[in-house]
Structure formats: structure tokens, C-alpha cells
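*Asks:* In case you want the letters, here they are:
2 protein chains.
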Amino acid sequence: LVEPTYSRNIWFTERNEYIALSLRHKGDPLYKKQSKFQKVEIYDTYQFGRMLTCDGAIMCAEKDEHAYHEMICHVPVFAHANPKRVLVIGGGDGGTVREIVRHEQIAQITLVEIDPLVVEASRKHLPTLSSALDHPKLTLKIDDGIKYVANAADGAFDIILIDSTDPVGPAVGLFNAEFYHQVHRVLAPNGIMVAQSESPRFNIPVFKEIFNAHRKVFGSNNVYPYLAFIPTYPTGMWSFSFCAKGTTHPLNRFREDAAAKFSIDQNLNYYNEQIHRSAFVLPRFVQKMIQE
Amino acid sequence: LVEPTYSRNIWFTERNEYIALSLRHKGDPLYKKQSKFQKVEIYDTYQFGRMLTCDGAIMCAEKDEHAYHEMICHVPVFAHANPKRVLVIGGGDGGTVREIVRHEQIAQITLVEIDPLVVEASRKHLPTLSSALDHPKLTLKIDDGIKYVANAADGAFDIILIDSTDPVGPAVGLFNAEFYHQVHRVLAPNGIMVAQSESPRFNIPVFKEIFNAHRKVFGSNNVYPYLAFIPTYPTGMWSFSFCAKGTTHPLNRFREDAAAKFSIDQNLNYYNEQIHRSAFVLPRFVQKMIQE
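Chains Y and R, in that order, are what the protein sequence lines are. Under the numbering used here, think of the first position of the first sequence as 1, with each following residue one higher. Under the numbering used here, think of the first position of the second sequence as 1, with each following residue one higher.
Just chain Y, with the same shape it has in the complex (with noise of 0.2 Å):
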């Protein structure tokens, strides 16, 4: 009996200095190269599927992606009366494009990435992740976020995602203040930015500084932590800020019956109108720890 190649024993691990994940991989990676930004890379995972890293740390795998992608766009695009341009900063994975071409009423998608090789990476080797990337619908811009949203025009999109890596490296800009009051400006009235915001378990003063810089410049009552599982992140229970302009609620005038069908029709693994509200009750101990 001959062993097949793939029993080797080999792990990629993603660690801070105390808590690390660790996942069996097939072998060498599909993909490795240096950026002037990172080093990107994408590993074949026996638990995950292909799996994107970035430094490494896992930006997104196969067979948990879901979660993440269809929580960061579904939610603001039935929260939002009327959606019509979608701005994507990061994601150049393609997942979270995906999911915003499901929606036909949404006319203009502008994708910024600032990694070409992230978007090379994913063409290559995440089909089911970039399969949205060529959509007519797009504008995919190889370029600075923060600097394209201090170009754009005022009131430009409905609805802006931040779709970033961790608040270390490339992404360092996009955690703070000016950035984000760039942001409220070239949001139309109503409109709503969601950032991924990190994980409330594991980098606390982190997970708090984000949620205090978004209310400095949304204003305290217009800011909504939600949660979503996502067993590939740390610990696994991952937050996402909702910023509303004006006073769109996430949850008082949200589209329900549209996200009932829509979450059916699309057969989604994830979301649908009652994650959506459930989506934003938080645990006592995240509560507190926002209330502070």
C-alpha cells in the first residue's frame, strides 16, 4: 500500500503569543508570493477547504467564508431603504463582491483593494470566492483606500464596506479617525458603513478603540456592533460595526420579507431576517464592555 502524498503531516499556524490555531494542510501552498504590502499565500486545508492568508493570518477559507461575506453585505442592504452604489474597501478576495451582485438593485459596485496579488491569488485559486471579480457591475481599482475615499465626491455611495485585514500592516489606516470622517462624508444621506471590527474575546482594547472611534465621528447612537460565527478567526466570534448617517436603524425599518425570500431564493448558508436580528443581541459581557 502506497501512502498518498497528502497524509503528510503538516499544519499552518496562526498565533498571537498566547492563543494560536493551528490547521492540517495538504502540503505546499497553491500560492506564495511577497507584495510590497504582504506576503500572501493560499493553503489547501483538510477542515476549511483553500484558505487565504496574509502575513499569516487566515483572511478567509473555503468552507467557512460564508458567514463572514453574507453578514458584511446582507445586513446594510436590507437595513438600507434603497441601495443603489456599493463601495468595497479591501476584499480583494472577490467574497464579499459575490454577495453584493445578488442584490439587482444595486446598480454600481466600485471594489478598492490596494494588494493586486490578493486579487491574482483568489483569480487563481479561490474560484468560488472571485467568481464575481469580471461582473459588469464592478469597478475593480488596484489602489489605496484611503486615498480613493479622500478623493471621492460627497454623498457618492449608499452603502460602504470595510472589508480589511487586521489593524496591523497595510491596514493600519483604516482604524482611524480621518479615515472614517472621509467616509462619512462621501456617504449619502442614510447612508451606512459596516467595517469589520474584530473579534470581542480576544483583542479587547482593540475590539473598544474601533467602537469609540466610529461613535466620535457617526455620533453615539448610530453605531451597532453585530456578531456572526467564524471558526476560522480567533475565538471564533467575530464583530462587525454597522455606522449609520443620518438615522437608518439596523433593525426598526429594515426590508424583513425581502430578506426572508432573498436569503430562500439565493439558498444562502448563512443569513437570513432572523440572523439579522439576532445578529445584534449581544452577550452581557460584550454590552459592557461598549458601555464603558
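Wrong hints could be hidden among the right ones.
Pairs count within a copy or across copies, as identical chains cannot be separated in the list.
[Unchecked claim] Here are the simulated BS3-like cross-link-like pairs (lysine-lysine), alpha carbons at most 30 Å apart as the crow flies:
1. K216 x K39
2. K141 x K261
3. K261 x K208
4. K39 x K261
5. K216 x K26
6. K32 x K208
7. K208 x K147
8. K84 x K137
Simulated from the structure, these hints should not be mistaken for lab results.
On the provided structure of chain Y, position chain R as indicated by the hints.
*Replies:* Same frame as chain Y, but now just chain R:
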């Protein structure tokens, strides 16, 4: 400058064939004994405080045990109209009992733990968990839970909590139909069983098997899975199975106002009346698993 001893770079790892979680700890285990059933250890981790493991699997850790213990206990207590008598199978660390004794209306608690070393380790090294193990309402039995339930009187308990390890080793019998039949018999009319029911992201066949077994005994319409974020369990997404004898529904008549007041008065860490409702909302991929 002398390096403190706790700078040693020592990690505890829990793994299956494809995925592993590692936690850095402060050195030698605080407790390490082999019982008749399993290896019982306590480590002092940086991220989650002191942690109990059985045969290398994480049972609970000081800084994230609240989610598990509050959710296994308070959900059935507030779903039940008038709970008086509670039986816990497993749970020798004491965390579940600590939550039960917060409820003054509960008159009688029986804990049946098979392994005396779990109780010993927790009493010695996990005082915040074991604090209620000497409570006057508690009868603590070191015994086989399967045997105990088989010999218990019909209708003896309003709530039975299966606070077990994974379905390997000493807990295997707690996952089979004959045991659930006995639990059903021992529940009073309108009684509730809640069992920890593994992760829908980790071992999918086991997850499905547990729910099918519960449905066969309690009836298809009387089994309701619910979810909580538990970072120290594989994938961070953990499930419980709420099984009703009779027609008790987890939400329709739950004592919502009492739950709201209780969560504030007791300064809980995770549970409140909104979490009670939202925990039963399942992502679509979990709904689909359960429907099959």
C-alpha cells in the same frame, strides 16, 4: 534582568486530525492525575485563566466558562413555568451548579459526577467554579449518571442537564437512545432536558446524530437546538439541545421579564432575555443540517 519563570514558552494543544487550538500556559500543570476514567489536568493559561482538561480535551476555562454554564442553566430554568428539582449529570467542576443556585425557587439540586478527580481538581484549583459544591440545596453524588437515572423514580425532576464531556471515553453512554429514554421517564410532566450537543462546524455527523437521537425519544417537534459563542471549544460555535417532555416551548411562554431582571440583578456575563431568544435563531447551514 532575570527572566521570570512564566516566560517559558509552553503550550497546551487540543487537536483532532485536521484542526488544533493551542493555549500558552505558565508551565507545569497545577493538577495532573489519572483517574479510573481519564487523565484530569489543570493548566494556568494566559488567555483564559485556569483551565480543566480531561484526556487532553478542554472542559472549561475561568475566563470563558460563563457562556457555557449560564446558557446550559438559565435557558431551561426561564423556559420552565415553575422549576423546583434539578438533576445535573456530569458537571463535576461545579460551574453549572453555581448558576442553578442563583435561582431561589429551585429547592433541590442533585449532581451526579462519575469522576471524583474532576471534583477534587476543581475544588482545589477552580474556586470560582466549585464555589457552590457545598451548597445546602445540593446533593453531590460520585456515581455513574446512566445508572443513577436508570434507578431514579418516574417524574422525579423538572429539569435535567447533561453537562457531559464529548462522546468518547466515559461519556459515550450519555449519547445513546436508552439513556435518553430513561431521562424522559425521570422528567416530570412538562420537564426539560438540556444537553450540550457539540459543534455544528466541527464534527457534523456527531452533531446530526445527537439531534436525531433526541428527536426519536422526545418527538420531532420537541427538540430545539440553540447556540453560544465558546472560544475554548473547537470552532468557537457550540450547541445545546433543548428537549421538552410535553409541550413546553423554549420561547413561547418563557418568563421573559424575570429573565431580564435576573440577568441584571445577578450581573451575569452572557445570558439575558434577548440572548435567550436569539440563541435559538440558527444560521441557515445549521437549519439545513437539522432538516435533513
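*Asks:* Confirm or reject each hint.
*Replies:* Cross-check of the supplied hints:
1. K216 x K39: neither (33 Å within a copy, 51 Å between copies)
2. K141 x K261: Answer is neither; intra-copy 32 Å and inter-copy 52 Å both fail.
3. K261 x K208: Only across copies: K261 and K208 sit 26 Å apart there, 35 Å inside one copy, limit 30 Å.
4. K39 x K261: neither (41 Å within a copy, 51 Å between copies)
5. K216 x K26: neither (46 Å within a copy, 39 Å between copies)
6. K32 x K208: neither (34 Å within a copy, 38 Å between copies)
7. K208 x K147: For K208 and K147, only the intra-copy Cα distance (26 Å) is at most 30 Å; the inter-copy one is 49 Å.
8. K84 x K137: Answer is within; shortest intra-copy Cα gap is 11 Å, inter-copy 61 Å.
Violated hints, listed in ascending order, are 1, 2, 4, 5 and 6; each of the other numbered hints is respected by the structure.
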